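A.B. asks: Now for the letters of each chain:
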Amino acid sequence: MRHLLYIVPILLALWFVDQCLSRDRRVGWERNAMRGYEWRWTKADGRKVLLLGSSTAVDWLPPSYLAPLLRVDRDLLLDAHVNGCHQDCAWAIVRRAVQEQRRFELSVIGVNQFQQCDDLHPKRSLQLHTLMPTRDLPRALVLHAKGEQPLLAAGRLLGNILSGAYGDTAFLQTQWRDQLLGARDAKRAHRWYSAVAPARTPPPFCDYAPARVAYKLAVTGALLDDLGQISARVVLVLLPDVSLSQVDDPARVAAWNAHRAAHVELAATRPFVTLIDLSQGGAREPADFSDGTHLSRRGMTVQRQLFARELAAAGLP
Amino acid sequence: MSFASPAFVVFFLLFFWVWPNLAGRSRQRFLLVASYLFYASWSAPLLLLLVGSTVLDFSVGRALGRSEDPDRRRGLLALSLIGNLGALAFFKYHGFFAESAAASLQALGLDVGASTLALALPVGISFYTFQTLGYSIDVYRRRTLPCASPLDFALYVAYFPQLVAGPIERAERLIPQLAALSSRAAPRADLSGFGLIALGACKKVVIADNLAPIVDAVYADPAHAWAPALWFATYAFAFQIYCDFSGYCDMAVGVARLMGVSLTQNFRAPYAAAGPAELWRRWHISLSAWLRDYLYVPLGGNRRGPWRTARNLLLTMLLGGLWHGAAWHFVLWGGYHGLLLVVFRPGFWDRINARLPLQPLVRLLRWFIFFHLVCLGWALFRAPDLAACGVVLARLLDPRGWQFGSWLLAVEASGEGGLLALWGLVMATLLLVQVAGRVGSEEWVARVWRAPPALRFLFVVVLVYACVLLAPEAPQPFIYFQF
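Order-wise, the sequence lines are chains C and E. Terminal number for the first sequence in the numbering used here: 317, no gaps in between. Terminal number for the second sequence in the numbering used here: 1483, no gaps in between.
It is possible that part of the hints are untrue.
[Stated by the list, open to error] Here are the computed distance ranges between Cβ atoms for each label pair:
| id | chain 1 | residue 1 | chain 2 | residue 2 | range |
| --- | --- | --- | --- | --- | --- |
| 1 | C | A186 | E | W1307 | 53 to 59 Å |
| 2 | C | R35 | E | R1438 | 49 to 55 Å |
| 3 | C | T201 | E | N1021 | 44 to 50 Å |
| 4 | C | A186 | E | R1303 | 58 to 64 Å |
| 5 | C | A186 | E | P1452 | 45 to 51 Å |
| 6 | C | T201 | E | R1281 | 41 to 47 Å |
| 7 | E | F1012 | C | Q99 | 29 to 35 Å |
| 8 | C | T201 | E | F1012 | 32 to 38 Å |
| 9 | E | E1412 | C | A251 | 45 to 51 Å |
| 10 | E | W1042 | C | R35 | 37 to 43 Å |
| 11 | E | F1097 | C | A251 | 25 to 31 Å |
| 12 | C | G281 | E | W1019 | 53 to 59 Å |
Quick caveat, the hints were computed from the structure, so don't treat them as lab data. Small disclaimer: the values here were computed from a predicted structure and weren't measured. Where a beta carbon is used, it is the ideal one built from N, C-alpha and C, also for glycine.
Construct the complete structure from the given sequences, taking the supplied hints into account.
C.D. replies: Okay, structure coming up:
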């Protein structure tokens, strides 16, 4: 037992290094993205409309566009989006709102379909750990148990709890690389091994397999239920991804339809939820997207027009 | 669930939270359930195959123990061979054989499409099949007694630290240790296991996973790659595969030590080898020993003259190559190493070497040449297919295409010179550590464990923190998991 005392100064030294690496405000754009949300959230009290989601949910639907559409003052709209904020991250924000007893007249949450297949990225754990009230973390783990790799999710969460630098590892490496070896230029990096540039990586593709999306559906259900506590009405927007225009495999089309039906059911079983489905008639063509998930200027126009029509059809505002 | 993933950290913590509180048979049952859950994390249905292999070889072993009739004993051994190798052939090689046959017929003018089933390769099948097969052969040869306890035997097949990628353990070594776990005098945990786990994780996550993108980029299109870049990537692959596989084995040995179980050392500074026979005493030692004892020696070994010896070596290594993967370039890699073993048989070369002056220089030259021969073998192993092997070898071995000066300009233009220099330095250091030390991770950790406890903690904590900070965003699966 006496030997274990030796570990104390070592752990203290590592904790100090960890704090220096993770607390520096220049480090970690993922953390800084959340700080932007924190700043907006703390400043805003008494707002009527809550806007949630990731960049894909918001870049075509900024508050400056949404506010006149809803016929509310821009200052009454709280932009609580965070870059890369999927359903679990949005749920963490809503759990905080529940605890703070905030009240909204309307909440808008956009769900990009690709998000269904991407719940194991390390930054999702960072967001969940940072944004979720600590006492709700066990609930998050219970929902992860419905997903594909619950132990991996638990491990990533544990990593974030133990080390502040863990969630920012990718960013730290990029920063060190830039400082030590010079910034990487993707356009010419291949020249050391080949004069021919490698083929561009195709955009991410979601197969909507039930096992893959089970966790996200469970989280979306919890998110909507909690939103129901703080918001009189909720608009759930189903966003498209570029792969939907390229699917010709009947099995995948069936998987997508089943997945869409699951969202319809999530909305139908909650009377306060209005589903706006932009995945069918909205932006679908490759030219509508800049990178497979984010919209191009053309895509934004298509999306906005359809959203405005659907919103009016739903009797909003 | 890979050893180097956060998921395994949770599994590990849960397992060792319960483990010390158990005793007797409940300890073994818990270990078996944990091992099956560990395997099921890849594929629950394929767990049935593992259980089937366990039942088959346990039953064959018991029947062999009861029978004195030579014909019946041969029949029982054949049953085990057919069962195990049949499953391996079906799941791992059926597509390879069907496609190869179709290609051969096509070359003869008969156009037949190869019809193959889309089967998932059961993780670790090559490892546990060889392990159970070794048990049946040993019982048949009366070198080991049949295992009396189904629980002990099930643990021998499914013991999670070494289940998916070895080391391939002998029954006489592992079963008594697993049986002892239920006894009152159960072995105590060896805490140096933490050192091995940390070192193995660091080798895998920090070195192998960061070298992988360099290797993948060059080998994605070797025909258009600069020849010096191909050499660099080939060296990088030599260290990637070493750190990947030996890193896994270090973690496996480390986890087992925390249960008081000692596993076979699988690597002992392989790149310090100055000849093929020495290499195979240092690289994947458990597989080399298995192939020697259950294939090479039964074929006749070196007892029937030089030609039969050469044939046996080539056959053993060809099959060893095929064991690695269902593709011709693995067979070619095996054949290449068989050829090296034939050409560099001890005796002739030793006599020539002994007559040369400046012996230390001769030894250094031998090591240098052989290290490059090993790297050429890795080029065959890493090439995407057989056709690419020819392209890769042609580019590596043709000095007219090296254009070193132009390549350095290209490196400068790419802005990646610093990165390449850094990894070049890391690889040179690793090579120096192997050549100077000539020992494996276990010996290095043993040295650290002789130091004061503070240094041991520092060693473990710093390595773990290095994994946290230096792991690439996209984790790579262990290379040997696909075998």
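A.B. asks: Determine whether the Cβ-Cβ distance between C:A186 and E:P1452 falls within the hinted range of 45 to 51 Å.
C.D. replies: 48 Å, holds
A.B. asks: Taking 58 to 64 Å as the stated bounds, is the beta-carbon spacing between C:A186 and E:R1303 within them?
C.D. replies: 60 Å, holds
A.B. asks: CB of C:T201 to CB of E:R1281, is that within 41 to 47 Å?
C.D. replies: Since C:T201 and E:R1281 have Cβ atoms about 42 Å apart, the given range 41 to 47 Å holds.
A.B. asks: Could one say that the CB atoms of E:W1042 and C:R35 fall in the range 37 to 43 Å?
C.D. replies: 39 Å, holds
A.B. asks: Would you say the C-beta atoms of E:F1012 and C:Q99 sit inside 29 to 35 Å of each other?
C.D. replies: Roughly 33 Å apart at Cβ, these two residues keep to the hinted range, so it holds.
A.B. asks: Verify the CB-CB distance for C:A186 and E:W1307 against the hinted window 53 to 59 Å.
C.D. replies: 56 Å, holds
A.B. asks: Between the beta carbons of C:G281 and E:W1019, is the distance compatible with 53 to 59 Å?
C.D. replies: Holds: the Cβ-Cβ distance is about 57 Å, inside 53 to 59 Å.
A.B. asks: 25 to 31 Å was suggested as the range; check whether the CB atoms of E:F1097 and C:A251 agree with it.
C.D. replies: Holds: the Cβ-Cβ distance is about 28 Å, inside 25 to 31 Å.
A.B. asks: For C:T201 and E:F1012, compare the CB-CB distance with the range 32 to 38 Å and indicate the outcome.
C.D. replies: 33 Å, holds
A.B. asks: May I ask you to test the hint 44 to 50 Å on the CB atoms belonging to C:T201 and E:N1021?
C.D. replies: 48 Å, holds
A.B. asks: For C:R35 and E:R1438, compare the CB-CB distance with the range 49 to 55 Å and indicate the outcome.
C.D. replies: Given a distance of about 52 Å, which is inside 49 to 55 Å, the answer is holds.
A.B. asks: In this structure, is the beta-carbon distance linking E:E1412 and C:A251 contained in 45 to 51 Å?
C.D. replies: 49 Å, holds
In terms of the numbered hints stated before, the structure departs from none.
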